[in-house]
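Under this note's numbering, the first residue of the sequence shown carries the number 1, and numbering increases by one thereafter.
Keep in mind the hints are simulated off the structure, nothing from the lab. Heads up, a few of these hints could be off.
Below, a list of computed lysine to any residue pairs in the SDA-like style, where the Cα atoms sit at most 25 Å apart [said to hold, decoys possible]:
#: 1; residue 1: K77; residue 2: Q192
#: 2; residue 1: K77; residue 2: R126
#: 3; residue 1: K77; residue 2: V113
#: 4; residue 1: K77; residue 2: R61
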Amino acid sequence: MNAATLPPSTPPAARARPRSRQRLWDQVSIYLPVLLMALLAAASYWLLRATPEALEPPPERPVTHEPDYFMQRFSVKVFDASGALRSEVFGAEARHHPDTDTVEIDNARIRSVGVGGQLTTATARRVVSNAEQTAFTLEGDAVVIREPSRPGTADAVPRLEFRGEFIQVFTAPERVVSDRPVLLVRGNDRLQADTLDYQGGDVRVATLTGRVRATLAPR
């Protein structure tokens, strides 16, 4: 009788190794989320430290009289709400001053159209205009010419011409002012004075003060 061949038995130590690895993996699996969270926290902290701080906005610069832009050989037109031309300014060079919001113009020529279509032109070596182009200060060979209006009617206004070294012109309401010697030519009449305050529109009154000299043409 032949004895049956039995398979070799597995040593106990070999059987224990798979169980030990399984227990170790189970323990690692329990703490794996905690380890991942710790890694993410460390990575976030590192990124926070490595990211440069946001730059603070630069302090606002004080507004000065220094020009912030220039224009050369320019023409600027202003229109009203209906599209009609109200004023046009030509100049060799212009400089904008931010503190006063004014424009200083060299060798300027200005055309202004009044409410009734009255045309007024002005020239000077230097002109300072406000932002709305409703107030102009003319210096150096200043000449302001107001063309005649309503000719041939009872309320016709003759041609007016103002000349001086310093003249201020306002368009709303129409006014011409000078605190220095000025020449006023009205039609064929000539009047000179130390100061002038002319109100246009429906008023049409010129106030002359100081040494006033008048040359009136015969009617």
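Here is how each hint holds up against the structure:
no.	hint	verdict
1	K77 to Q192	violated, 33 Å
2	K77 to R126	holds, 19 Å
3	K77 to V113	holds, 11 Å
4	K77 to R61	violated, 31 Å
Hints 1 and 4 from the earlier list are contradicted by this structure; the remaining hints agree with it.
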